[in-house]
Each structure stands twice: as C-alpha cells, then as structure tokens.
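Given the sequences, and given the hints that come with them, work out the whole structure.
Protein chains: 2
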Amino acid sequence: MPTNKSSVALPPNGDCRVVIDRITPSVEGGIFPVKRVIGDIVNVEADVFADGHDSVAVVFQYRKRGTKDYTELRMEGGGNDLWKIKFIPEDIGFIEYNVAARIDHYTSWYKGFEKKLAAEQNVEVELLVGADLLEGIAGRANHEDATILRGYAEALRDDSKSSARRAELLRSESLQLIANAYPDHTRETRYCRNMLMLVERKRAAFSSWYEFFPRSFGDKFGSHGNFRSAQKFLPHIAKMGFDIVYLPPIHPIGKKFRKGKNNSLTAEATEPGSPWAIGSKDGGHKDIHPELGTLDDFIAFREEAERLGMEIALDIAFQCAPDHPYVKENPKWFRWRPDGTVQYAENPPKKYQDILPFNFESEDWRGLWEELRSVFIFWIQNGVKVFRVDNPHTKPLEFWRWCIESIKTDYPDVMFLAEAFTRPKIKYRLGKAGFTHGYTYFTWRNTKEEITEYLKELCKPEVSDIFWPNFWPNTPDILHECLQFGGRPAFMARQVLAATLSSNYGMYGPAFELCEHEAFPGREEYNNNEKYELKKWDIDRNGNIRHLITRLNRIRKDNPALQRTHNLTFVETDNTMLLAYIKHTPDLLNIVLTVVNLDFNNVQEGWVCLPLDLLRMDADSYFMVQDMLPETGGAMPDTNYMWHGAKNYVKLSPHACPAHVFRIFRKVRRENDFDYWL
Amino acid sequence: MPTNKSSVALPPNGDCRVVIDRITPSVEGGIFPVKRVIGDIVNVEADVFADGHDSVAVVFQYRKRGTKDYTELRMEGGGNDLWKIKFIPEDIGFIEYNVAARIDHYTSWYKGFEKKLAAEQNVEVELLVGADLLEGIAGRANHEDATILRGYAEALRDDSKSSARRAELLRSESLQLIANAYPDHTRETRYCRNMLMLVERKRAAFSSWYEFFPRSFGDKFGSHGNFRSAQKFLPHIAKMGFDIVYLPPIHPIGKKFRKGKNNSLTAEATEPGSPWAIGSKDGGHKDIHPELGTLDDFIAFREEAERLGMEIALDIAFQCAPDHPYVKENPKWFRWRPDGTVQYAENPPKKYQDILPFNFESEDWRGLWEELRSVFIFWIQNGVKVFRVDNPHTKPLEFWRWCIESIKTDYPDVMFLAEAFTRPKIKYRLGKAGFTHGYTYFTWRNTKEEITEYLKELCKPEVSDIFWPNFWPNTPDILHECLQFGGRPAFMARQVLAATLSSNYGMYGPAFELCEHEAFPGREEYNNNEKYELKKWDIDRNGNIRHLITRLNRIRKDNPALQRTHNLTFVETDNTMLLAYIKHTPDLLNIVLTVVNLDFNNVQEGWVCLPLDLLRMDADSYFMVQDMLPETGGAMPDTNYMWHGAKNYVKLSPHACPAHVFRIFRKVRRENDFDYWL
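Chains as they are written, first to last, in our numbering: chain A, 3 to 680; chain B, 3 to 680.
For the record, the hints were derived by calculation from the structure and aren't laboratory data.
Honestly, I wouldn't trust all of these hints.
Any copy will do: because identical chains look the same in the list, a pair fits if it lies in one copy or spans two.
With a cut-off of at most 30 Å between alpha-carbon atoms, the simulated DSS-like pairs for lysine-lysine come out as follows [said to hold, decoys possible]:
#1 K263 / K117
#2 K241 / K559
#3 K263 / K118
#4 K257 / K537
#5 K283 / K7
Written out as structure tokens, the structure is:
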C-alpha cells in the first residue's frame with residue numbers, strides 16, 4: 003500500500019518553470035547530427051512556454067563539441083509559443099546546440115505595471131515591487147550599473163513624488179538596457195539533451211566528380227599507366243570544370259583467385275586484375291600498387307590536381323584479396339571455415355573467391371576498427387581529404403558512426419561518399435552515421451513521375467537533414483539500359499539531369515563523355531569492363547559530349563542556385579515527356595529553370611507553367627529568360643527570350659540538345675524609376 | 003595534432019551489428035508516455051536491419067515500469083526493414099517497452115545453404131559449418147535438446163553419407179524448432195532508450211460527464227443543498243446514462259473578498275460565494291464545506307453514485323482564498339508584497355483579490371509539491387478516482403508531470419481532466435505530462451470547416467498519442483453565443499456533435515438539459531451564474547432535451563464505434579450546413595454514420611457521399627441504415643432505410659431533430675448462401 007510520501011523522486015529543478023518542448027532542426031532528439039554547410043543560414047526553432055502569464059526570455063546556445071563554453075544568441079518569439087533564430091555556422095566540424103529559457107521577472111512585472119497605469123489603478127505597491135526587482139538585478143550587476151539600479155530603486159520608493167512621475171523614470175531607455183543586461187540564470191531551463199550539428203565545408207554542398215582508372219592512361223596508347231603518365235590527363239578533366247578526381251583503389255592487387263577479362267574466374271598472367279581485390283605480397287590498404295608508382299608519385303599526382311583546382315578522392319574498399327598481408331598477420335579478423343580456409347564473400351549462390359570480407363564479430367573487433375580507421379588516417383596524412391567508400395552497408399553501421407565521428411573530430415574537412423546501393427533505410431542510416439554524400443537510385447529513376455517522386459523524398463526534412471545525394475548517371479558497375487539504347491541524346495539528357503537536379507554529381511568519366519554504351523549481353527554492365535582490363539580511350543572520339551559537360555559545369559559554377567540540392571521546386575508542364583524544375587537562391591537573385599526532354603527519340607513540345615508566386619512575379623509580368631545551354635552544345639552564344647506570365651512554350655529536339663537551362667531575370671523597378679533585369 | 007589513436011572512444015558493444023533505428027508509437031523518443039487503453043490493439047513498429055545479407059531476429063520487450071524482467075514477443079518482418087507486432091496491454095499503468103534484435107546465424111546459414119543446394123554447388127564444407135552452428139546452439143540448450151543437436155551435428159559431418167542425404171536431415175521440423183529455441187543473446191542490440199506507455203482503464207476512452215452544484219439541490223426547492231439532499235438527484239443523472247458525476251470544489255469557501263451575485267466585488271452575508279475560492283477557518287483542500295455536510299455524508303453520496311453505476315469526479319483547484327489555513331501555516335508558499343500582503347491572482351488590469359495563487363518559485367517548492375500531491379491522495383483514499391483539475395496551465399508543467407506520474411504509479415486507475423483553455427502547445431504538453439483528458443476548443447468550433455479541421459488535428463499522431471479530448475458544449479464559465487441565440491435546435495445539435503465526435507464528453511448538466519441560454523449582457527457567460535448563487539432548477543421544465551440526451555447516451559453504450567475518438571472519418575456532403583462523419587470498429591462490425599444540420603433555423607437537405615472503400619462495399623451495394631435518433635427525440639421506435647451505392651439523400655429539420663445517427667448494416671453472404679445484415 004502506498005504511503006503518503008511520493009514514491010517518484012522530485013526532479014532536481016522543480017522551481018524552473020519554463021518548458022522547452024521541441025527544437026528543430028534535430029534528428030531523433032540529438033542522437034544523430036543534422037548536416038549543414040558553413041556560412042549557410044540555419045533556421046533554428048523551439049517551442050518554449052511557461053505556466054501562467056509571465057514573460058519568458060529564450061536563448062540559443064552553441065559550442066564546438068568538446069569545448070566547454072557556449073556562445074549565446076537571443077531568440078525571438080514568433081507567436082504561438084514558437085521561438086526562432088537564424089544561425090550561421092562559422093566553423094566546420096561538430097557543433098552541440100541547445101535552447102535555454104527563463105522567466106523574465108522584470109519584464110513580466112513592467113508589462114503588468116504599464117497595463118495597471120493605463121487602467122489608472124493605484125500603483126504604489128507596484129512601485130515598491132519594481133524597486134525590489136531592480137535591487138535584485140543590482141546584486142548581479144557590475145559596480146557602476148549596480149549604483150545606477152539602486153538609485154532608481156530608491157527613487158521608486160520615494161513617495162514624496164507622485165506615482166506618475168516615478169513611473170516615468172521606468173521608461174528610461176538606459177534603465178531598460180541595464181535592467182535587461184543581467185539575466186537571472188538561477189531558474190533557467192535547458193532542453194534535456196543537446197542537439198548535434200555537423201557543419202561541412204562548402205564543397206560538401208557543391209562538387210563535380212570525375213572517375214577514371216589511371217592505369218588506362220599510359221605513356222603509350224594502350225600501355226599500363228601510372229601516376230606519372232596519368233597526371234597528363236588531369237588538365238583535360240580540369241578544363242571540363244570538375245573539382246574532384248576520383249580514383250578506384252590504388253593498392254596492390256591480389257594474385258590469388260584474380261579475375262580476368264569480363265569477370266572471368268581465371269586470369270592470364272598478363273591481366274591486371276580488379277583494383278577492388280586489395281592486397282598482395284606488395285602490401286595492403288596503406289600501400290600503392292607497384293605498377294602505379296610510389297607514394298611520392300601519388301603525392302606529385304595529387305599536387306598537380308590541386309594546382310589545377312581539383313581534389314583527389316580515394317576509393318576505400320574494406321575487403322581483402324586472399325594474399326592480403328592482414329590474413330596472416332591478423333587471422334582473427336577473418337571468419338575461418340572448418341576446412342581451414344577463410345570464408346570468402348558470397349551472396350548465395352554467387353561466390354566471390356577473390357574477396358575476403360572482414361569478420362566484424364571478431365573477438366578482436368576493437369583492433370580491427372582501429373586498424374581500418376588508421377587506413378583513412380594514413381591517406382589523410384598524405385593529403386587526401388575525400389573518400390569514396392565501397393559497399394559501406396556490408397560493414398556495421400555503428401563502425402561507420404564511430405569511425406567518421408572520430409575522423410571528423412580531428413579532420414573536419416574530410417568528406418565521405420557512401421557507395422551503398424541498398425535498401426532505403428540503410429542508406430539513410432549511413433547518412434545519419436556521418437557520410438557526407440550517398441550514391442542514390444537516380445540511375446533507375448527515368449520517367450517524369452519517378453524523378454519527381456524521388457527528388458521530393460530527398461528534399462524533405464529529415465531526409466534532407468541527414469542524406470545528401472550524389473547523382474551518377476553511370477559508374478564502372480552500372481550502365482543503365484537507357485544509356486545502352488538511348489544513344490547520344492540519352493547521355494546528354496541524363497547529364498543535364500544529374501548536373502542540375504543535384505548539386506553534387508559525378509560520372510565514370512571517359513566512358514560517359516565518349517557515350518560508351520556497349521553492354522555485356524543481357525546485363526546492366528559494361529562489356530569488357532575497365533575493372534578487369536586496361537582500356538584504350540580515344541578521348542577525342544567523334545560524338546563525345548565534352549562540350550555539353552564543360553558548359554554544364556560552367557553553368558553550375560556561375561549560378562549559386564545550382565550549388566544546393568534542396569532548393570528544388572518542380573514546375574508543371576502539359577507534356578509527360580517534359581520535366582521542368584526551378585532552383586533559386588533564398589534572395590531570388592539567381593533563378594534557374596531547367597526543362598528536359600525525357601524522350602530520346604522524338605521532338606517534344608509543350609507549355610511550362612511557372613510558379614509566379616514563388617518567384618514573386620505578377621500574372622502579367624514580362625521577364626527575360628536566357629538559355630545558358632543553346633542547341634549547339636556550347637559553341638553558340640547565350641540566347642535570350644522574352645517571356646510573359648505563367649505559361650510559356652518550349653520545344654526540344656533530343657538530338658540537337660535535349661534541355662534548356664534558363665536563367666530567369668525578373669524586371670525590378672529601382673528608386674530612380676529605371677527598370678533593371680535582376 | 004591528432005595521433006594515430008582515435009580520440010573518440012570505442013562503443014562498448016561494437017560487435018553488435020544489428021541497428022534499431024526507430025520505434026513507433028513513441029513520443030519524443032520515450033521522454034513522454036504514449037497513451038493507450040487496456041485491451042486495445044497497439045500496432046508497434048520498428049525499423050531494424052544489419053549490414054550485409056544476414057537474417058535478423060527481432061523481439062518486442064515490455065515490462066511494468068519498476069519491475070525487472072521483460073516479457074518478449076517475436077516481431078514479424080513486414081518488408082522494407084519494417085518489423086511489426088500487434089500488442090494488447092493487459093494491465094493499466096506505466097509500461098516500458100523496447101525492441102531487441104540480433105543476427106540469426108543459424109537461419110542465415112541455412113538459407114544460404116538451401117540456395118547453394120538448389121544451385122547444385124558442392125556443400126561439403128557448408129555441412130561442417132552447419133554442424134558447428136548446431137553445436138554452438140547445443141551449448142545453450144537443455145540436456146535433452148543438446149543431445150539431439152549434437153546428434154544432428156555428428157550426422158552432418160558423416161561423409162559416408164551423400165551430402166544430399168545429410169541435407170535432408172536439416173529439413174526436419176523438430177530440428178528447426180529446437181535450433182530456433184535457444185537464441186544467442188550475446189550480440190543483441192536494444193534501442194538506446196526505453197519507450198514509455200501509459201495504459202489507461204476503459205473509462206478513460208469512453209465516458210459521459212454530468213456537472214452539477216449539489217448546493218442548488220436542497221431538501222426544499224431553493225434551500226441550500228448538501229450531500230444528503232443532492233443525493234436524491236443522482237438517479238435522474240443515472241437514468242440519462244451518464245457515468246461520471248462531476249462536482250465543483252466541495253471545500254470550505256473563503257470569507258475574505260468573497261464574490262457576490264454575478265461576480266460582484268462585495269457579497270451579502272447570505273451569499274454563498276464561489277466554490278473556487280477555497281479555504282476558510284473551516285479548513286482547506288482536504289476539508290468539506292460545512293454546509294455541504296461531513297466527510298461521511300460525502301462518502302455516502304459517492305457510494306450512492308457508485309450503486310447507480312457512476313463515479314464522482316472532484317474539482318481540484320490549487321489556489322487559496324485569503325483565509326485559507328495554508329496562508330498562516332506555510333507563508334513561504336505565497337508571494338508576499340512589500341506592503342505585507344499576499345500577492346493575489348491578476349491578469350493586468352484584471353484583479354482577483356479573492357484568489358491567492360501559490361508561488362511555485364518558493365524556496366520550499368518541494369514542500370508545496372508534496373502537499374498538493376497529498377490533496378489528491380487524501381481524496382483517493384476516500385474513494386475518488388477522477389479529478390477535474392482547474393487551470394492546470396497556471397501551475398508548472400513539470401509539477402504535473404511529477405505529480406501525475408507519482409500518483410498513477412501507485413493508483414493507475416486514477417483519471418485527470420485538464421481544464422486548460424490556453425494555447426495549443428501548452429494544452430498538448432499537459433497531455434504529455436499525463437493528464438488523461440483535456441478540455442478543448444470544441445465550444446468555439448462551429449462551422450463545418452472549423453469542426454473538420456479541428457478534429458483532424460486531434461485525431462492524427464502524435465496528438466492522438468498524448469492528448470485525449472473531452473468535449474463540453476457548455477460549462478459554468480462558458481455559454482457560447484450559438485447557444486445564446488440558436489435556441490433548442492442549437493442545444494440539440496451541439497449535444498449530438500459532442501456525444502458522437504468525442505468518446506469522452508460532458509455537460510454542465512441542469513443548464514444544458516433545460517436549454518438555459520440567458521447570458522450576462524455582452525458576455526459569453528451565464529447571467530446569474532450558479533458559481534455565485536444557489537439556483538432553482540425546475541428539471542422537468544418545458545423544452546428540456548432530456549430525452550435526446552438519454553437516447554444519445556444509450557446509442558453510445560450500444561455502439562462500440564462511438565466509444566473511441568480517433569476512429570473518425572469525415573464524409574463528403576454537397577451542403578456546407580450538413581456535417582457527416584463515420585466511426586467504425588476495426589472489424590467493421592459496428593459502423594455509425596452521423597449527419598448533423600449545423601443550421602439552427604432552416605431545414606437543410608443534400609447528398610451524403612459514403613466512402614465505400616473504407617467500408618469495403620461495392621459501388622452498387624445495397625445496405626440498411628437504421629436511424630437510432632428518429633425525429634421525435636427518442637420516443638419513436640428506430641427507423642430503417644434501404645440505401646444504395648455511395649450517394650444517398652438526407653433532409654434534416656433543426657426543430658424536429660437536427661441530426662441522424664445511423665447504424666449501417668452491410669449485407670454479408672455467409673457459407674450457407676443466405677444473406678445477413680451485419
């Protein structure tokens with residue numbers, strides 16, 4: 003039988019009357035970080051209220067994680083108990099933030115006092131209450147302000163003056179400033195958990211990736227390339243406007259069970275093997291494949307890329323060829339079978355005998371985790387800041403959370419791209435674990451409906467808070483049938499879509515710019531895949547779309563609207579083959595309208611119905627649209643059109659150029675009564 | 003400069019590979035309890051997955067809070083990494099629940115094994131792996147099962163038999179049962195926080211409240227009533243079908259600053275005062291107003307109500323008249339002004355000198371909290387299980403959380419109704435703090451659009467998880483202008499709406515059943531308010547709507563569809579004055595369609611368009627509707643109509659009866675080919 007005394011303990015701070023009920027942005031109440039970009043405006047909101055009628059004061063608090071003191075910014079009440087602030091992160095890395103609030107007794111009293119005055123009530127006692135409050139503040143103030151406050155308190159108590167005259171004293175602006183300068187924190191409430199934000203550098207929001215195999219770029223056409231020879235290909239990539247050069251794994255390639263041409267089970271002695279079968283007597287994940295050169299060669303290659311304004315992204319694939327040194331040195335990291343062999347990778351009935359996965363249930367998982375992390379650290383210390391991680395979804399999600407948090411705590415400018423084509427929840431969880439970007443289903447979203455639905459999912463919170471897409475129209479693993487059969491128009495259209503829908507995009511470069519479309523029969527894969535052999539790329543081959551790619555990368559650099567992904571609005575058209583969308587900066591000074599013909603064979607035409615409200619234009623506005631991507635694919639100057647009202651006509655031939663990328667200029671009247679296009 | 007060693011600690015259970023990403027229902031990740039009713043089906047879902055292709059096993063765990071061991075139920079995978087279970091709480095009170103999951107190594111292996119067999123691969127080594135796994139399970143099994151498992155392991159290793167024959171052994175059902183009976187919990191993952199559920203008794207979901215002032219029901223018409231005399235009024239309430247009798251505060255009424263008729267500042271010596279001005283020399287919150295009788299009289303009154311199938315709800319108003327004993331005994335609980343008086347309640351410029359609020363910032367807030375809690379405990383120990391709490395939003399939210407949690411831990415059948423007509427977020431937070439019901443804005447939602455929008459908000463998670471409405475068409479404080487000017491049809495229509503939209507509803511009874519509509523001029527309040535004087539209610543007065551109320555309470559009891567609030571679906575009509583909605587049980591065995599004429603003056607007619615999909619009926623179904631509320635307001639027998647298809651016609655006269663409450667019977671064909679109405 004319960005007693006009269008409560009069996010549930012009293013909370014420690016029961017006299018703190020303010021409640022903070024919800025803070026946004028946040029992911030699962032602060033368990034995972036919200037992703038943002040340095041310099042962007044973060045709209046922080048909180049529901050804050052107290053019992054009764056008292057005024058509350060609310061502050062936003064933030065600090066770099068691992069530091070002690072918070073910086074405080076005053077939040078503004080926005081009605082309906084919602085408090086707001088626009089916060090601009092100024093450093094990259096992890097930020098902890100929270101909201102703190104308290105009753106503002108002086109303001110509460112002062113507001114009531116003014117109402118009583120207005121109602122001509124007797125305020126003698128109220129003046130004494132106010133005097134007490136000012137003296138309370140004086141107790142927290144510096145000597146000078148305390149003296150001023152006590153002087154006011156004394157004056158309020160001086161009943162030789164009329165209460166009206168004493169009330170007048172309270173309206174002094176300097177008094178109000180001082181009275182609000184020393185808040186009483188003794189009964190302050192904070193939300194029960196800190197929220198977490200991961201602030202990324204600018205390139206995390208806006209990047210253009212180009213993937214190629216250095217070994218296919220030898221000194222002689224067709225000879226085995228290395229960093230020194232492949233370095234000569236870098237200016238070609240830079241000229242097209244890419245800023246990240248992504249290399250498949252550069253480590254020694256295993257000899258045991260090496261795969262041959264077209265993934266055949268046996269390799270000739272001369273065949274180079276798959277770079278993803280990592281490790282041999284020449285070393286493992288911290289070594290360089292001898293045929294590619296030395297660490298110094300790699301560093302020279304990286305420095306040349308940087309000189310051209312690009313960064314190197316390395317591919318980190320945590321798996322081993324059977325002859326990887328780890329197998330002998332750390333047998334506990336693998337799963338051994340009863341016949342004394344190591345368990346290879348499989349997805350029954352498929353077998354990958356050239357690949358040994360790590361056993362993350364190893365009793366030495368701690369040693370394994372630290373070693374894998376040290377692989378990143380090794381390459382970071384050799385100047386690499388971008389990693390494409392192969393198949394992260396086959397390693398524990400908690401490993402990634404720890405590994406990325408640990409690395410980004412020390413090196414906040416390092417970026418990770420998750421190559422996970424797996425189930426949606428796992429992909430999003432990798433985002434929560436800290437991956438900067440993720441590969442997406444973009445490749446398999448081809449119709450207007452598919453693209454619209456998918457992008458809407460990616461752009462809505464909290465997906466947009468944790469998962470940033472990186473759109474790839476092709477990879478060495480994937481040659482979608484639309485590229486196999488759609489011809490050059492398909493490559494052009496998919497390139498426009500990738501480059502204008504997502505601010506981060508990339509391509510498996512030589513194959514894409516040359517519109518390589520020969521597939522292994524019946525598969526969504528390249529025939530004679532570069533993964534298993536050296537390729538001879540004739541980079542100037544007829545029919546290449548280098549000009550279009552270059553033009554699009556230029557447009558992306560010139561238009562801040564295209565440098566973010568989540569600022570996307572789809573635009574109605576009356577033709578299911580015409581996909582249209584707008585991106586704009588928050589201030590509307592940069593507005594880009596893209597219209598793509600999704601039919602790779604036929605001319606399509608129709609009406610585009612612009613959301614004039616969104617663009618703050620009237621129904622009969624005239625505005626100028628400048629096609630930044632005219633039909634010849636970059637050679638012609640920009641073409642301008644005058645448009646009027648919401649509905650405007652477009653017509654796109656897939657062969658000439660399957661898309662318009664318009665910049666919209668609104669007519670704005672300035673003070674001196676001249677019109678400008680803005 | 004960072005070292006090679008990670009600066010972020012390794013998690014303790016890094017080898018647990020399963021991830022639990024989200025559990026629903028939950029409120030703010032388990033900080034607040036989700037409300038549910040005993041015996042109802044709770045659909046629990048969780049996102050659960052692991053890296054790679056292994057099978058996972060997922061269990062739902064729950065326990066009464068404060069106990070140690072969890073009960074476990076196996077969850078079922080529903081695709082897209084979503085795991086589900088239907089959970090039926092069997093006890094009232096707080097439940098903690100969580101989800102636990104692990105890799106199921108035996109099943110993972112067995113599935114791969116079967117695929118390899120099907121692909122006619124050599125499985126010799128696989129059989130050895132399987133044997134090792136069975137021996138691992140044997141290590142956790144009881145003696146008998148361990149012997150069986152080891153026998154199988156030995157047989158799998160016996161290469162004198164063909165692998166096909168050994169594979170056959172694995173298909174034994176009894177082996178599969180045993181192999182799955184001893185799960186390995188060593189690498190089990192649990193979600194990082196327990197979720198919380200508050201399971202309420204049935205009446206929390208379905209109750210009908212009747213409020214009256216016992217003092218107005220004296221032995222002689224007009225004399226001061228007491229519990230003995232008012233007891234004679236209880237059968238009248240019971241006969242109408244109410245189950246909760248709610249009394250305004252029954253404590254001694256203060257004499258200092260007592261309010262007179264119509265809230266006047268001075269009271270004649272004979273005036274009874276407001277019951278909400280609590281405390282005098284006769285006692286405080288644990289005492290009974292002498293004119294109402296003794297504690298024994300109250301208990302007899304309560305027992306008589308219980309004999310009639312009803313419960314008593316007491317009004318708890320945590321505030322004091324200036325002559326409340328607390329003021330002298332515990333001066334620290336009040337805010338003292340510089341002139342030596344206690345701060346009274348005010349909302350400037352309004353003053354309430356007869357009411358002293360508690361000072362919840364008191365240095366003795368702990369003593370105050372314990373004392374206030376003990377007020378509830380006192381009345382609970384005298385048999386009261388339902389409390390209507392006056393103005394809870396002027397007391398700290400955290401006080402309520404602690405107080406209700408503490409009380410419901412010991413007395414889980416106690417119910418609290420929050421009388422808070424304040425801002426939406428505060429009302430919802432009171433729900434999170436544990437209030438069973440809350441007063442609502444129903445009174446001020448009158449048009450079709452207003453009602454529809456408001457109910458949709460109340461019925462959607464997570465509002466529906468934490469805030470359960472209690473609809474009151476009137477209270478002693480509120481006489482909405484629609485009742486002032488709408489006449490008897492307004493009372494009827496608002497009664498139907500309250501009783502059929504919300505499964506919990508109540509009325510300030512005598513005034514409502516008699517359609518009392520005289521307002522204080524220009525206010526939304528009763529003239530000659532019963533709060534300040536004794537009323538003489540002629541309960542059989544002409545024009546009363548007792549029959550309608552009785553009929554509706556009967557319909558509510560007969561139709562389980564009306565015993566829940568969140569099972570509401572609005573139904574389209576072609577007339578803005580006709581509001582229609584359906585409630586049904588999950589099994590569709592009880593379907594109620596209500597159509598209300600919101601025009602209190604004119605006949606309205608139109609077409610009601612039923613959602614046949616929802617009711618699982620074809621477009622040309624015939625079905626029977628039975629009007630349970632025929633025009634004469636209860637005196638006539640039920641009226642049946644045959645309806646056909648989605649669109650059906652209705653016509654409602656406000657004066658006869660402004661609503662239909664139809665039960666819908668669908669035609670169902672049974673095995674023996676006879677049709678039934680169900």
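Each hint tested on the structure:
With identical chains, the CA atoms of K263 and K117 are at most 30 Å apart between copies only, with a shortest distance of 27 Å across copies and 87 Å within one. Proximity of K241 to K559 under the C-alpha cut-off of 30 Å is restricted to the intra-copy arrangement: shortest distance 13 Å within a copy versus 79 Å between copies. For the identical chains of this complex, K263 and K118 are inter-copy neighbours only, at 26 Å across copies versus 90 Å inside a copy, given an alpha-carbon limit of 30 Å. Taking the closest pair of Cα atoms, K257 and K537 come within 30 Å of each other only inside a single copy of the chain (20 Å); across copies the shortest separation is 100 Å, beyond that limit.
Only between protomers do K283 and K7 lie at most 30 Å apart by alpha-carbon distance; the minimum there is 26 Å, versus 73 Å within a single protomer.
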